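Fit chain B to the supplied structure of chain A, relying on the hints for placement.
Residue strings, one per chain:
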Amino acid sequence: MEPTVVTPLAAIADAVRGSFAADRIEVTGRRLRLLDTVDRRLTDSGGRLEVEASDGGGERWRLVDADGRVRAEATIRGPAPKLADDLPDGPLRQALEKAISIRGLVASPWIALTEHSTALRDAAGKTRCRLVARTAQVETTGEQRSAVRVEALKGYRREAKSVAERVTRRFGWTPAAPDPLTALAPILWPERGGTADPAVSDIAQPAGPGLRLVLRALLDAIEARSRGVIADIDDEELHELRVAIRRTRSILALLRSRRRPTASAADRTLERARATFAWLGQVTGPTRDLDVHILAWRAHRRRTSAEQAAILEPLGRYLAAERAAAHAGLVRALRSRRFRTALARWRAVLDAGDQAWTGSEALRRPIGELAGHRIRKLYRRAVREGTAITADSPAEALHALRKTMKKLRYVVEIIRHGVPADRVRPVLRRLRALQQVLGDVQDMEVQADALRRFGLAMGETGLAGPATLMAIGAQAEDLEFRRAEARDRFAAVFAPVAKRKFGDKVRALAGAKAGDGA
Amino acid sequence: MLVIDLDPQAAATFYFRVKPKVKGGGKGLVSGKRDLDDLIKATDHERLDLIPADFSFRNLDLMLDAEKKSKKRLAKLLKPLAGDYDVIVLDCPPSVSLVSEAVFHAADALVVPLIPTTLSLRTYQQLQVFRDEEKLADLALMPFFSMVDRRKSLHREVVDRFPEDHPEALGVQVPYASVVERMGTERAPLATFAPRSAAAAAYAALWSEIARRLG
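Protein chains in written order, with the working numbering: chain A, 1 to 518; chain B, 1001 to 1215.
Don't read these hints as lab results, they were simulated from the structure.
The structure presented is a predicted model; accordingly, all values stated were derived computationally and were not measured.
It is possible that part of the hints are untrue.
Interface residues of chain B toward chain A, partial, derived using beta-carbon atoms under 10 Å [as the list claims (entries may be wrong)]:
no.	residue
1	F1016
2	K1033
3	D1037
4	K1041
5	A1042
C-beta atoms are modelled at their ideal positions from N, C-alpha and C, and glycine is treated no differently.
Only chain A is shown next, with the shape it has when bound in the complex (with noise of 0.2 Å):
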């Protein structure tokens, strides 16, 4: 319980502090922001990223864990960056690399913190514990938070809980709220809406009305992701929108009707909606593209030396232009009528009830049985598709089987909550590890194929010199490289995915019956 009624340290110091003597009370203050990304990675991690004038000019920055102790610190000189991958080398871009990985940082508004602190004394003058008063207040909105601690410390902590205790005993309230700062995380960073991965529990439910919901939650995902692109959080944000677009896509594939397509009026309503996501999935493509050739272009740069670093740097540059100017596209689609009509009518089809999603033979067959005709449909192709590639298929074959094994994963994904998760973890497991080899082998080969593009616009353009040049040239043959040897995976993982067993496992979820679910 936190405390209702604010009483001044001092009156809590004396009533507590037993036979230690407490000091007089401190009272500092500090300005200070917050940093976070954007889904609380930092504050889920138990720490939080504190940034302050610093004295000599730039901010410090200093990552600190739930007790108040500095992990890493350094100081910032220029414009914030927005990701760990663009600190300067040292213990906080470590610290924080692993924390955050590649999302971005959000600063929140500045926000005022007072504390007032008292040490409680031993006979001999030693400070056994700290009574700790601390109030966070955010300076645009007023919104504040405030906690008492008994700060523990160490070697001394059975004083602290009997301090703590004594608390609790004369006011009611337990002494070990949450640090203000840490309590402002969901105002400071609310809860996006939305989830990434919806998936159904009945799988005997009709496919309507049970789709409805996941399809609801994807799209309150895709509303929220696309005001996290238009203010361009970081990447993850789109490719939260396009994997909640994809999911979308997938279970609206699931539900088209086999004999006439176009029949009802549900139907017709539900083949809109397939071409409005099929346009959001290409006005989106473009952004995405160039900000996984970003990425590469870090990762590329993390590899080698610093040298060969600096010389890259045009490629950066121009990636970083080429990307702005397609985010500018974006953004216009994303704010156009047509997105926003779109989106508008889409959720009044979802908000319709029940009733409305019972038009059509497809929506009124159990979700299980159209999942598994589905699911079957699905792992045939790719066996067929699979077995049919040699060392010399092209590109495209992989690339074929790559989207394939992508809607299987997506449809057995939706049902993974309707069936034993002992049956549907394995064959999930397997198919990602698959998907993840022909990931590999493609996006490298379009990476590869697109920076020898990027090489010759920048070399006609003149925006790259010859040394920058034949690094670009470089790091393409060391993505072909790299596709190679994923290239040379591909067989022995995609080997037992086409095993009998395995496709026995595929047709057990596929034939799955109501109430076999977790």
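Below, chain B alone, put in the same frame as chain A:
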């Protein structure tokens, strides 16, 4: 920073107002059966912890001797703390013993306070010989003068001449000052009760120089 008070006289422990008692005594410290982290006490100063001295440390030599690879024992015990502390200071008793040997094997640098007297210099020479005999070439020696009274001609002579033969000497000299002795009554570091004193400034400069050398 962590200070480990290995001197049974427990001066550092006293100054930090911590009880001179260690769970399990010296044996608990060197046997490795007790997690060293459990012995650590926070001081009243931020980012400064202490493993206090214990009267049983007077027999630390014998306890170390009973362990295998006694000279490298301390280094092994300290290894798990490396991730938690930037600097670990081992405060040794003023003698060359098995404890000192174990400290020499564990440390990156030996900061040696010298009173500008002939006897002090002799002890330093013994230390140098000892380091060479133990083949501890990586152990940096950082002697510095403390309790310097420039009114005394011997002090002036010694501190001025010493760096000529000892380029490893730290440049800072800590003056003789009664305020330093007040640490015993204040039971606090000099910088907290006499931050503007010449001695406090000298200690601050001394630390800067040591930190710079440690890199």
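Hint check results:
1. F1016: This hint holds: B:F1016 lies near chain A, its Cβ roughly 8 Å from the closest one there, short of 10 Å.
2. K1033: For B:K1033, the interface hint is violated, since the closest Cβ of chain A sits about 18 Å away, which is over 10 Å.
3. D1037: holds, 8 Å
4. K1041: holds, 3 Å
5. A1042: With a minimum Cβ separation of about 4 Å from chain A (threshold 10 Å), the hint on B:A1042 holds.
When each numbered hint is compared with the structure, a violation occurs for hint 2 only.
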